[in-house]
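A.B. asks: Listed below are the residues making up each chain.
There are 2 protein chains.
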Amino acid sequence: MSSATMDELRQWLRRAFTLDTVGQLLGWDEQVNLPAASADQRGEQQAAIAELQHAAAKAPRIGELLTALEGETLSADEAAVVKQARRDFDRATKLPVEFVREKAQQGSRGYHAWAEARAKADFGLYAAVLERNLDLARREAAYLGWAGREYDYMIDKHDPGLSAARIGALFAELKRELVPFAREVVAAARREPAGLAWRGFAVEAQQEFLREVTERLGFDYERGRIDVSLHPFCSGSGDDVRMTTRFKDDEPLDSLFSAIHETGHGLYEQGLTRADFGTALGMAAGMAAHESQSRLWENQVGRSRGFWRFFEPRWRERFPAQTAGVTSEALYRAINAVAPTLIRVDADEVTYNLHIVLRFEIERRLFDGSLAVRDLPAAWNAASAELIGLTPTSDRDGVLQDVHWSDGSFGYFPSYTLGNMMAAQLWYRALAERPALEADFARGEFGWLLQWLRTQVHAQGRRFDALELTQRVTGEELSPRALVRYLRERYG
Amino acid sequence: MSSATMDELRQWLRRAFTLDTVGQLLGWDEQVNLPAASADQRGEQQAAIAELQHAAAKAPRIGELLTALEGETLSADEAAVVKQARRDFDRATKLPVEFVREKAQQGSRGYHAWAEARAKADFGLYAAVLERNLDLARREAAYLGWAGREYDYMIDKHDPGLSAARIGALFAELKRELVPFAREVVAAARREPAGLAWRGFAVEAQQEFLREVTERLGFDYERGRIDVSLHPFCSGSGDDVRMTTRFKDDEPLDSLFSAIHETGHGLYEQGLTRADFGTALGMAAGMAAHESQSRLWENQVGRSRGFWRFFEPRWRERFPAQTAGVTSEALYRAINAVAPTLIRVDADEVTYNLHIVLRFEIERRLFDGSLAVRDLPAAWNAASAELIGLTPTSDRDGVLQDVHWSDGSFGYFPSYTLGNMMAAQLWYRALAERPALEADFARGEFGWLLQWLRTQVHAQGRRFDALELTQRVTGEELSPRALVRYLRERYG
Numbered sequence: 000m001s002s003a004t005m006d007e008l009r010q011w012l013r014r015a016f017t018l019d020t021v022g023q024l025l026g027w028d029e030q031v032n033l034p035a036a037s038a039d040q041r042g043e044q045q046a047a048i049a050e051l052q053h054a055a056a057k058a059p060r061i062g063e064l065l066t067a068l069e070g071e072t073l074s075a076d077e078a079a080v081v082k083q084a085r086r087d088f089d090r091a092t093k094l095p096v097e098f099v100r101e102k103a104q105q106g107s108r109g110y111h112a113w114a115e116a117r118a119k120a121d122f123g124l125y126a127a128v129l130e131r132n133l134d135l136a137r138r139e140a141a142y143l144g145w146a147g148r149e150y151d152y153m154i155d156k157h158d159p160g161l162s163a164a165r166i167g168a169l170f171a172e173l174k175r176e177l178v179p180f181a182r183e184v185v186a187a188a189r190r191e192p193a194g195l196a197w198r199g200f201a202v203e204a205q206q207e208f209l210r211e212v213t214e215r216l217g218f219d220y221e222r223g224r225i226d227v228s229l230h231p232f233c234s235g236s237g238d239d240v241r242m243t244t245r246f247k248d249d250e251p252l253d254s255l256f257s258a259i260h261e262t263g264h265g266l267y268e269q270g271l272t273r274a275d276f277g278t279a280l281g282m283a284a285g286m287a288a289h290e291s292q293s294r295l296w297e298n299q300v301g302r303s304r305g306f307w308r309f310f311e312p313r314w315r316e317r318f319p320a321q322t323a324g325v326t327s328e329a330l331y332r333a334i335n336a337v338a339p340t341l342i343r344v345d346a347d348e349v350t351y352n353l354h355i356v357l358r359f360e361i362e363r364r365l366f367d368g369s370l371a372v373r374d375l376p377a378a379w380n381a382a383s384a385e386l387i388g389l390t391p392t393s394d395r396d397g398v399l400q401d402v403h404w405s406d407g408s409f410g411y412f413p414s415y416t417l418g419n420m421m422a423a424q425l426w427y428r429a430l431a432e433r434p435a436l437e438a439d440f441a442r443g444e445f446g447w448l449l450q451w452l453r454t455q456v457h458a459q460g461r462r463f464d465a466l467e468l469t470q471r472v473t474g475e476e477l478s479p480r481a482l483v484r485y486l487r488e489r490y491g
Numbered sequence: 000m001s002s003a004t005m006d007e008l009r010q011w012l013r014r015a016f017t018l019d020t021v022g023q024l025l026g027w028d029e030q031v032n033l034p035a036a037s038a039d040q041r042g043e044q045q046a047a048i049a050e051l052q053h054a055a056a057k058a059p060r061i062g063e064l065l066t067a068l069e070g071e072t073l074s075a076d077e078a079a080v081v082k083q084a085r086r087d088f089d090r091a092t093k094l095p096v097e098f099v100r101e102k103a104q105q106g107s108r109g110y111h112a113w114a115e116a117r118a119k120a121d122f123g124l125y126a127a128v129l130e131r132n133l134d135l136a137r138r139e140a141a142y143l144g145w146a147g148r149e150y151d152y153m154i155d156k157h158d159p160g161l162s163a164a165r166i167g168a169l170f171a172e173l174k175r176e177l178v179p180f181a182r183e184v185v186a187a188a189r190r191e192p193a194g195l196a197w198r199g200f201a202v203e204a205q206q207e208f209l210r211e212v213t214e215r216l217g218f219d220y221e222r223g224r225i226d227v228s229l230h231p232f233c234s235g236s237g238d239d240v241r242m243t244t245r246f247k248d249d250e251p252l253d254s255l256f257s258a259i260h261e262t263g264h265g266l267y268e269q270g271l272t273r274a275d276f277g278t279a280l281g282m283a284a285g286m287a288a289h290e291s292q293s294r295l296w297e298n299q300v301g302r303s304r305g306f307w308r309f310f311e312p313r314w315r316e317r318f319p320a321q322t323a324g325v326t327s328e329a330l331y332r333a334i335n336a337v338a339p340t341l342i343r344v345d346a347d348e349v350t351y352n353l354h355i356v357l358r359f360e361i362e363r364r365l366f367d368g369s370l371a372v373r374d375l376p377a378a379w380n381a382a383s384a385e386l387i388g389l390t391p392t393s394d395r396d397g398v399l400q401d402v403h404w405s406d407g408s409f410g411y412f413p414s415y416t417l418g419n420m421m422a423a424q425l426w427y428r429a430l431a432e433r434p435a436l437e438a439d440f441a442r443g444e445f446g447w448l449l450q451w452l453r454t455q456v457h458a459q460g461r462r463f464d465a466l467e468l469t470q471r472v473t474g475e476e477l478s479p480r481a482l483v484r485y486l487r488e489r490y491g
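Residue numbers (numbering that gives the first Met the number 0), protein chains in the order written: chain P, 0 to 491; chain U, 0 to 491.
Think of the hints as simulated: they come from the structure by calculation, not from any bench.
Every residue gets a Cβ at the ideal spot worked out from N, C-alpha and C, and that includes glycine.
One or more hints might be untrue.
Said to hold, decoys possible - List time: in silico SDA-like cross-link candidates among lysine to any residue, alpha-carbon distance up to 25 angstroms:
1) K57(P) to R60(U)
2) K247(U) to F318(U)
3) K57(P) to K57(U)
4) K174(P) to E385(P)
5) K247(P) to R210(U)
6) K57(P) to G22(U)
7) K247(P) to V227(U)
8) K119(P) to D345(P)
9) K119(U) to Y220(P)
10) K247(U) to A201(P)
11) K57(P) to V96(U)
12) K247(U) to E203(P)
13) K247(P) to A201(U)
14) K247(U) to R210(P)
15) K247(P) to Q206(U)
16) K57(P) to V202(U)
17) K57(U) to E385(P)
18) K247(U) to D226(P)
19) K247(U) to Q206(P)
20) K57(P) to P95(U)
21) K247(P) to V202(U)
22) K57(P) to W11(U)
23) K57(U) to A46(P)
24) K82(P) to V96(P)
25) K57(U) to P59(P)
26) K247(P) to E207(P)
27) K119(U) to E221(P)
28) K247(U) to R224(P)
29) K57(P) to R100(U)
What the hints assert, rightly or not - Label pairs and their in silico Cβ distance ranges:
30) D39(P) to E250(U): 36 to 42 angstroms
31) E328(P) to V344(U): 52 to 58 angstroms
32) E71(U) to R148(P): 52 to 58 angstroms
Claimed, not checked - To give an idea of the interface, some chain U residues facing chain P are shown, with a C-beta separation under 10 angstroms as derived from the structure:
33) L24
34) P34
35) Q40
36) I48
37) G237
38) D238
I would like the entire structure built from these sequences, with the hints used as guidance.
C.D. replies: So, in structure tokens, the structure goes:
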């Protein structure tokens, strides 16, 4: 790929990418560092950068270069670059600059309103934000020619090629298997002895252990960090990946698994091809693929017997008093405990997907107009009772628990379960190629798996969408079957 | 100030200001958080933002608005806004965009080259950076019509109204008094018992004490933070002020006084009028005025008996074992110990200004061509021997000690001593208005002084330059006399 036209296109894309990374850093800093009274200024900064990033993404010269390249015979890689650039360019040129600015400013305000509403468990402080975010989402879809298919638009934004109908079908299949299976597992778990009561896990020692784990999994701290925020996340690009987690001294597994989850995202970003940043060859395939990486490392790897065979002695070394009376089997059971919870990020692997089904169904109803924002808390609580068997007594544990909608990120939640499906499919494929994977883990070796993911997934960039990528790597269509098989094997 | 033209100008200035704050955040993050291998990407980000900030500052519409306003009858405030905006606009329009981009990228590279050179005590790794930064400075001066007066340009950038000749005269007067006085004080100090050997001051307890002190001085942590970096600094705007310090468990006073120094800067920024950010009414008068605030809080306040009467018991409470055998008098002497040192930021108040004279004289020679970069270490060491009485055995303690030149910030150093002069003049004026100032401090009350500085200095913004401001507030010309008086009173 050396034509002058293609080179020039790549330079323009790189510029827009660089501004995007600045916006991401502002967002990271907002959640990790921002003083309480500095939110307005941060909103102004975010809006200014979003506007400039938008201007860079819709530079008329990009349109000219694309038109020229679309008339040429291109290699598969070149065609992938052009296809994605066209998608981004069309999206950028169809959104008015005032709209982009308004949305960025609202995203920042929305985050702070959500944080306050959550702290005060007061949905009323958040409702207007949601109304406005839904309105912005509808307007955005309309600008881009998706009027009447607004929720499909929100899904396609995160996962090209997917739709509410396709996800609805996949989730229906999943529900058929999972709802009765989860009931069985939960009932069996209730007959087991009570779980462990953790106490006094010093945050500093947790941080050190977490650093050891994430480094051994392969996260490169020369090109990334981990910090603390209210809601764990991973942002930034492969050259500077910023992950977060949170610590409580009575929930050491929560911070650890959050961190392993974010490490999965971080490894994906660090595995993208640096020279291709800003183009389809150097960006993640989509959010389902992204979540497949985070969930695979968190669950298939992090909750495996092999993983703990290696890390258990190291963990006990750091927390001798706190782990003194705990057998290995009790620890493994605690790590893989199944118990319905109100909070998605605290959920076990089995019931986790029911949280996602809940959010998907609610988002679909918010967009098709059959659910009003004011009725959200009640609808949430009813769905929670039905799917998870628990009813929130406070909106803090219900509709206010997640950050996503605060900046208008609708259509993202399904990616978690799509990612779980894909993770299970990737896992069985990797196992087929290297049956000794868990024996690797037990020796503290994660390099084979990382290398395999680097080749099969990370280095592919966005040459393929989640559906194609799954088919190519595993030889099978994306489906819930591998996930159900995996959950049955581990929890049955 | 309500005319539509003026309002529109203020909006344009606000936009450039907002982008400037983004650049500052990138710079803060670079020194506080950046992973080791992420420097190239940060350089790209800095360059992109600098270019966009530059574009915003030279928007043609600003030129049109200025021309219109320059033809109108303006109030004093309006005239100040227009004068500063014209200065910035002319500077922005005369610098080519490629130059701005090159300088920003070089600034980031230069910082990392300096950090490496300093760590390895290898001036050779830094020389090319300095050559290139000097070349950039000369080119910048030429673009702006200061060819032949390059060093004056660098000074005027930081302190409008000042020049190498004026500073030369002020420094000559200061040297006449200070060099013999410093010799006397140093000789007397040598006859005193050895200073205290500090040990085992836990960083966390230092952080807590430092937080207590800076909060009581008036720093608003709702609109700012303090973090850790290699070289302490203060950046950001009044809505989000980011200070740094550094900690060693055997140098508790170093981190504390660094933090009080940066707090002085931070209080100034937080005292600017928020609604006027981006205009002369909401920006600091210049770097000398800025340093007057940091040095006044660090020295006149932080090293006073009154200050320690209040904070000493609090300090002892946090460090009972470490301070057990130390009398109050010994503590006060340690805080105000005079002993020549190679490192500027470690220097006592008396010899500190000799470090600045050294840098001013070297910068002047670098710019007038009488000193070549390759001869810098030798020239530095010779001047250090002559002025301070000590010769560095490693460039780490000599020419490599300061960050400033790494991003081309020549002409800044004189501001420290100009700030010391101004601080002493402000101090005596405040004392004349409220003789009980130290009694306030002894009760932990710093509000009168802060309020006085808010009114006299902070709220003035850049209505006046350092020379005018000093004259207006103190009724006297800027001069070294008050500084010498103060040093004689405290150390004589």
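A.B. asks: Could you run down the list of hints and mark each one as holding or not?
C.D. replies: A quick look at each hint next to the structure:
1. Proposed proximity of K57(P) and R60(U) is supported: the alpha carbons are some 22 angstroms apart, at most 25 angstroms.
2. Proposed proximity of K247(U) and F318(U) is supported: the alpha carbons are some 14 angstroms apart, at most 25 angstroms.
3. Between K57(P) and K57(U) the CA atoms are separated by roughly 22 angstroms; this keeps the pair inside 25 angstroms, and the hint holds.
4. Taking the CA atoms of K174(P) and E385(P), the gap is about 12 angstroms. The hint holds against a cut of 25 angstroms.
5. Between K247(P) and R210(U) the alpha-carbon distance is near 23 angstroms, which keeps this suggested pair within the 25 angstroms criterion.
6. Between K57(P) and G22(U) the CA atoms are separated by roughly 23 angstroms; this keeps the pair inside 25 angstroms, and the hint holds.
7. Between K247(P) and V227(U) the CA atoms are separated by roughly 24 angstroms; this keeps the pair inside 25 angstroms, and the hint holds.
8. In summary, the hint linking K119(P) to D345(P) is supported, as the alpha carbons are separated by about 20 angstroms, within the 25 angstroms threshold.
9. Note on K119(U) and Y220(P): the hinted pairing holds, with a Cα-Cα distance of about 22 angstroms set against a maximum of 25 angstroms.
10. Distance hint between K247(U) and A201(P) is fulfilled; the C-alpha atoms sit about 23 angstroms from each other, no more than 25 angstroms.
11. Restraint check: the Cα-Cα separation between K57(P) and V96(U) comes to about 21 angstroms, which is no more than 25 angstroms; the hinted pair holds.
12. Simply put, K247(U) and E203(P) have alpha-carbon atoms about 19 angstroms apart, close enough for the 25 angstroms limit, and the pair holds.
13. Distance restraint check for K247(P) and A201(U): the Cα-Cα separation of roughly 23 angstroms lies within the 25 angstroms cut-off, and the hinted pair is therefore satisfied.
14. A distance of roughly 24 angstroms separates the Cα atoms of K247(U) and R210(P); the hinted pair therefore holds under the 25 angstroms criterion.
15. Note on K247(P) and Q206(U): the hinted pairing holds, with a Cα-Cα distance of about 22 angstroms set against a maximum of 25 angstroms.
16. Distance hint between K57(P) and V202(U) is unfulfilled; the C-alpha atoms sit about 49 angstroms from each other, more than 25 angstroms.
17. A hinted pair counts as satisfied when its Cα atoms are at most 25 angstroms apart, and K57(U) with E385(P) does not qualify at roughly 60 angstroms.
18. Proximity of K247(U) to D226(P) is assessed by CA-CA distance (about 23 angstroms); at most 25 angstroms being required, the pair is judged to hold.
19. In summary, the hint linking K247(U) to Q206(P) is supported, as the alpha carbons are separated by about 22 angstroms, within the 25 angstroms threshold.
20. With a C-alpha separation of about 24 angstroms, the suggested pairing of K57(P) with P95(U) holds against the 25 angstroms cut-off.
21. Of the pairs offered as hints, the one joining K247(P) and V202(U) holds, with about 22 angstroms between alpha carbons and a cut-off of 25 angstroms not exceeded.
22. Distance check on the hinted pair: K57(P) and W11(U) sit about 22 angstroms apart at the alpha-carbon level, within 25 angstroms; holds.
23. Between the alpha carbons of K57(U) and A46(P) the distance comes to roughly 20 angstroms, so the proposed pair stays at or under 25 angstroms and holds.
24. Taken as a hint, the K82(P) and V96(P) pair is honoured in the structure, with Cα atoms around 23 angstroms apart against an allowance of 25 angstroms.
25. Only pairs whose Cα atoms come within 25 angstroms are accepted, and K57(U) paired with P59(P) is accepted, the gap being roughly 22 angstroms.
26. For the given pair, K247(P) sits about 14 angstroms from E207(P) by alpha-carbon distance, which is consistent with the 25 angstroms threshold.
27. As the CA atoms of K119(U) and E221(P) are separated by approximately 19 angstroms, the hinted pair is consistent with the 25 angstroms bound.
28. About 23 angstroms separates the Cα atoms of K247(U) and R224(P), which keeps this hinted pair within 25 angstroms; it holds.
29. For a cut-off of 25 angstroms, the pair hint linking K57(P) to R100(U) stands: about 21 angstroms separates their Cα positions.
30. A hinted range of 36 to 42 angstroms for the beta carbons of D39(P) and E250(U) is consistent with their spacing of about 38 angstroms.
31. At roughly 57 angstroms, the beta-carbon separation of E328(P) and V344(U) lies within the given 52 to 58 angstroms, and the hint holds.
32. The supplied range of 52 to 58 angstroms is met by E71(U) and R148(P), whose beta-carbon atoms lie about 54 angstroms from each other.
33. About 7 angstroms separates the beta-carbon of L24(U) from the nearest beta-carbon of chain P, less than 10 angstroms, and the hint is met.
34. Given hint, P34(U) at the interface with chain P, holds; its Cβ is 5 angstroms from that chain's nearest Cβ, closer than 10 angstroms.
35. Checking Q40(U) against chain P: minimum C-beta separation of about 4 angstroms stays under 10 angstroms; hint holds.
36. Interface restraint check for I48(U): the shortest CB-CB distance to chain P comes to about 6 angstroms, inside 10 angstroms, so the restraint holds.
37. This hint holds: G237(U) has a C-beta 9 angstroms from the nearest C-beta of chain P, less than the 10 angstroms allowed.
38. The interface hint given for D238(U) is met, as the beta carbon of that residue sits about 4 angstroms from the closest beta carbon of chain P, less than 10 angstroms.
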